[in-house]
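Put together the whole structure using the sequences plus the hints.
So the chains spell out like this:
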Amino acid sequence: MTHTFSKLLLAGALALALPLGASAADVTLLNVSYDPTRELYVDFNKAFAAHWKTKTGDNVTVKQSHGGAGKQARAVIDGLQADVVTLALAYDIDAIHEKAKLIPKDWQARLPNNSAPYTSTIVLLVRKGNPKKIKDWDDLAKPGVSVITPNPKTSGGARWNYLAAWGYELKRNGGDQQKAKEFVKKIFANVPVLDSGARGSTTTFVERGIGDVFISWENEAFLALKELGPDKFEIVVPSVSILAEPPVTLVDKVADKRKTRAVAQGYLEYLYSDEGQDIAGKHYYRPTSPKYVEKYAKQFPKVNLFKIDDVFGGWQKAQKEHFSDGGTFDQIYIK
Amino acid sequence: MTFKATQIHGLIAATLIGSGALAFSGNAFANDSSELEALRALVQELDQKIRVLDRKSEIAEEKAVADKKAAPVVKAGSSGFSISSADGAHSIKLRGLLQVDHRNYFGDDDPHFNNETALRRVEPRIQGTLFKIFDFDINTEFAKHKEATVLDAYINARFQPWFQIQAGKFKVPLSLERLQGGAALRFAERSYVSDSIAPNRDLGIKVHGKFFDDKINYDIGVFNGIHDGGQSANDDDSTNSKEFAARIFVEPFKGGDSVLAGLGLGLAGTWGDQKGDTEHQSVKYRTPGLNTFFQYAGTTTSDGNKSRLSPQAYYYHGPFGLLTEYIRSSIDIKNATDSTTLDHDAWQIAGSWVLTGEDNGFGVIKPKSKFDWANGGWGAWEVAARYHELEVDKDAFSGGYANAASTTKKAESWSLGLNWYLNDNVKIATSYDHTSFDSGIDGVDDREDEKALFSRLQVAF
Chain B
356 MTHTFSKLLL
366 AGALALALPL
376 GASAADVTLL
386 NVSYDPTREL
396 YVDFNKAFAA
406 HWKTKTGDNV
416 TVKQSHGGAG
426 KQARAVIDGL
436 QADVVTLALA
446 YDIDAIHEKA
456 KLIPKDWQAR
466 LPNNSAPYTS
476 TIVLLVRKGN
486 PKKIKDWDDL
496 AKPGVSVITP
506 NPKTSGGARW
516 NYLAAWGYEL
526 KRNGGDQQKA
536 KEFVKKIFAN
546 VPVLDSGARG
556 STTTFVERGI
566 GDVFISWENE
576 AFLALKELGP
586 DKFEIVVPSV
596 SILAEPPVTL
606 VDKVADKRKT
616 RAVAQGYLEY
626 LYSDEGQDIA
636 GKHYYRPTSP
646 KYVEKYAKQF
656 PKVNLFKIDD
666 VFGGWQKAQK
676 EHFSDGGTFD
686 QIYIK
Chain G
11 MTFKATQIHG
21 LIAATLIGSG
31 ALAFSGNAFA
41 NDSSELEALR
51 ALVQELDQKI
61 RVLDRKSEIA
71 EEKAVADKKA
81 APVVKAGSSG
91 FSISSADGAH
101 SIKLRGLLQV
111 DHRNYFGDDD
121 PHFNNETALR
131 RVEPRIQGTL
141 FKIFDFDINT
151 EFAKHKEATV
161 LDAYINARFQ
171 PWFQIQAGKF
181 KVPLSLERLQ
191 GGAALRFAER
201 SYVSDSIAPN
211 RDLGIKVHGK
221 FFDDKINYDI
231 GVFNGIHDGG
241 QSANDDDSTN
251 SKEFAARIFV
261 EPFKGGDSVL
271 AGLGLGLAGT
281 WGDQKGDTEH
291 QSVKYRTPGL
301 NTFFQYAGTT
311 TSDGNKSRLS
321 PQAYYYHGPF
331 GLLTEYIRSS
341 IDIKNATDST
351 TLDHDAWQIA
361 GSWVLTGEDN
371 GFGVIKPKSK
381 FDWANGGWGA
391 WEVAARYHEL
401 EVDKDAFSGG
411 YANAASTTKK
421 AESWSLGLNW
431 YLNDNVKIAT
441 SYDHTSFDSG
451 IDGVDDREDE
461 KALFSRLQVA
471 F
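Chains as they are written, first to last, in the numbering used here: chain B, 356 to 690; chain G, 11 to 471.
Rather than coming from a laboratory, the hints here were simulated on the basis of the structure.
It cannot be assumed that every hint is accurate.
In silico SDA-like links for lysine to any residue, alpha-carbon gap of 25 angstroms or less [as the list claims (entries may be wrong)]: (1) Lys541(B) to Asn301(G); (2) Lys637(B) to Asn468(B); (3) Lys587(B) to Arg50(G); (4) Lys483(B) to Ala271(G); (5) Lys285(G) to Ala256(G); (6) Lys85(G) to Gly191(G); (7) Lys608(B) to Gln170(G); (8) Lys487(B) to Val53(G); (9) Lys454(B) to Phe144(G); (10) Lys483(B) to Ala48(G); (11) Lys59(G) to Lys534(B); (12) Lys418(B) to Lys79(G); (13) Lys490(B) to Lys534(B); (14) Lys488(B) to Leu49(G); (15) Lys490(B) to Asp119(G); (16) Lys675(B) to Pro486(B); (17) Lys612(B) to Arg168(G); (18) Lys508(B) to Ala70(G); (19) Lys66(G) to Ile689(B); (20) Lys541(B) to Leu63(G); (21) Lys378(G) to Ala271(G); (22) Lys488(B) to Val53(G); (23) Lys380(G) to Lys294(G); (24) Lys526(B) to Thr474(B); (25) Lys454(B) to Ala76(G); (26) Lys294(G) to Val53(G); (27) Lys612(B) to Asp97(G); (28) Lys426(B) to Ile69(G); (29) Lys608(B) to Asp119(G); (30) Lys66(G) to Asp680(B).
Between beta-carbon pairs, the in silico distance windows are [as the list claims (entries may be wrong)]: (31) Asp413(B) to Val84(G): 44 to 50 angstroms; (32) Ala405(B) to Leu46(G): 55 to 61 angstroms; (33) Lys376(G) to Arg465(B): 55 to 61 angstroms.
Here the structure is a predicted model, which is why all the values come from computation and not from measurement.
Each residue gets a CB set at the ideal place from its N, CA and C atoms; glycine is no exception.
Dropping the structure here:
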């Protein structure tokens with residue numbers, strides 16, 4: 356009798372537990388990202404939602420926030436409840452650790468490739484026919500050439516642009532920092548408008564028709580070609596450029612507070628999956644998975660790329676020397 | 011007339027190309043070609059300059075919109091002057107209360123009181139909020155000669171509406187009228203209940219909150235403990251014993267359309283254990299004319315329990331308002347020869363009517379029309395009447411616990427008030443109080459009636 360009663364209890368408990376276990380949860384994530392990743396994450400979020408639904412049965416809605424990477428990092432530090440950040444450079448994510456302790460110091464070691472699921476570089480976008488005959492970085496320093504780039508103080512992309520030009524000049528002149536400073540100063544003297552983010556600069560160059568050359572994320576340049584047609588713009592690949600590694604990370608304290616750690620972690624890991632890498636390639640970000648590097652090899656021009664660690668000693672040093680208040684950029688840029 | 015950038019571009023292009031066309035018709039082809047090129051380059055240069063100006067303007071506008079969203083909000087108005095962060099999480103507010111009184115006494119032969127003009131309240135005040143839930147309040151008083159002091163200084167953490175923790179110096183949650191702001195009083199001085207017996211401000215900590223759509227308010231706290239009518243020093247508790255306070259106030263019909271929507275009923279009490287101290291000797295039971303009629307003898311010491319109990323109620327409906335409360339203060343006391351428990355009682359009932367039809371309430375009356383000499387606004391007018399009395403335990407006199415100057419066992423006061431609210435911030439008020447006294451000592455005559463007319467000019471923001 357007791358045995359039968361136990362079985363009945365167990366059956367009853369299972370009957371109650373089954374519908375509870377089967378009910379799908381609705382989860383919302385916030386991905387705080389930099390300016391030009393809007394289209395990439397619109398597609399990726401859809402794919403991830405479908406993947407997560409299949410895997411767990413839960414419904415995931417990913418909200419996006421975009422802007423200059425520096426501004427975005429500050430917003431997270433000031434309390435914007437980002438479950439994940441996907442920013443333009445590691446320095447801005449380091450700041451989230453240093454100023455708000457929302458993530459651990461070793462955040463970059465938590466995912467492959469220094470937490471950069473895709474890479475990119477900096478290229479030059481010119482108007483069809485290349486009327487100013489732009490071929491390399493040195494053409495940007497010539498008088499009469501109007502250059503479009505965002506503000507390195509607020510835009511991660513702009514910092515990559517600046518360092519790419521600086522690195523080019525260092526290589527050309529054998530490592531003379533003073534000459535590199537003069538060179539970059541001449542380029543910025545040719546900048547008529549400083550937008551706060553890369554997308555704003557795209558608007559300035561592409562939609563407002565300002566400038567002869569736009570120093571651009573590679574993906575942003577391809578997007579302009581795709582959206583507006585190769586009859587309007589051309590991409591000029593400089594002889595040397597910088598390897599941009601936009602990193603991603605979970606914002607631990609926010610994710611734990613919102614109880615979204617598992618789905619946020621899954622979201623970031625999915626960037627490294629086949630589908631994630633394929634979506635990155637489709638949006639002109641360079642995949643890191645060998646399989647997709649090969650698949651998209653023809654899409655991307657061969658560029659002689661240098662790493663920030665090799666030329667500038669890493670982001671912390673570069674930021675301090677060039678972009679902090681009173682740094683080199685403040686010295687060379689005359690408003 | 012405003013030109014868009016594209017219109018300007020077109021105008022310049024048309025003008026320059028037009029002038030080029032004219033030139034073209036009058037010159038040789040070879041020269042024409044080079045001039046046309048020069049004009050084209052000029053048009054492009056000007057076009058770029060205009061586009062750059064246009065874009066800069068666009069960016070500036072975007073920045074202005076973004077900056078506005080992030081900019082602090084500055085407010086200045088009848089409710090005070092404040093600055094708050096764009097998200098409202100942080101704010102600071104400057105407030106103040108100034109009352110200038112003129113005091114007239116009639117028929118004051120024995121004792122004689124000086125008619126005078128006096129500063130009753132001079133209270134600059136800073137209130138604010140940090141991180142949405144941490145309120146602070148620093149209220150100071152400069153009216154008393156050579157005795158500027160901190161009235162209130164506390165932090166209130168609003169974790170939930172029903173669970174808040176407040177610590178610092180603030181009003182002990184006991185008397186209903188004491189909890190009413192100094193600017194909202196219907197008479198120049200509070201009644202015996204709150205002025206003489208209920209404690210004023212004390213240092214302590216309380217848990218408090220509101221339930222059921224604010225229909226139930228509760229307070230539970232522990233304080234340093236203070237004598238009847240007293241206010242604690244900021245850093246010098248004279249005893250090691252503490253005083254507990256609890257209050258519940260219910261407005262069962264609040265927020266509805268019922269005629270009872272403005273009804274509130276409450277019960278509050280304090281209790282503590284004090285033995286061997288003389289803190290109670292600072293008690294001064296005083297009249298509405300601010301004259302002391304009872305103090306303990308310097309030979310007395312506390313001898314155990316000290317408690318107060320106060321049922322209380324108010325009712326507001328339309329222009330009508332009524333506030334009533336009772337309080338009993340019990341104290342175990344001894345002197346060189348004996349010990350006893352003294353029970354002192356006071357109660358009041360006060361009604362008011364806003365003649366100009368504004369809604370009455372526990373707070374300051376907000377006039378429908380502001381006083382405006384030129385355009386005929388007259389503000390709000392209110393009349394008020396009150397009866398209140400205080401009865402000292404007769405054993406205070408027979409047992410020798412009262413000091414030699416204290417002979418009054420009972421004080422009864424009638425009050426009439428007339429209040430003119432010129433606007434939300436300025437009030438002119440006058441109160442007349444007639445107080446009669448009963449002697450508590452056989453063979454000692456009753457104290458002479460006190461007739462006091464207090465007039466007040468008040469600014470509060």
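- Message: Check the structure against each numbered hint from earlier and tell me which ones fail, lowest number first.
- Response: 1, 4, 11, 15, 16, 23, 26 and 29
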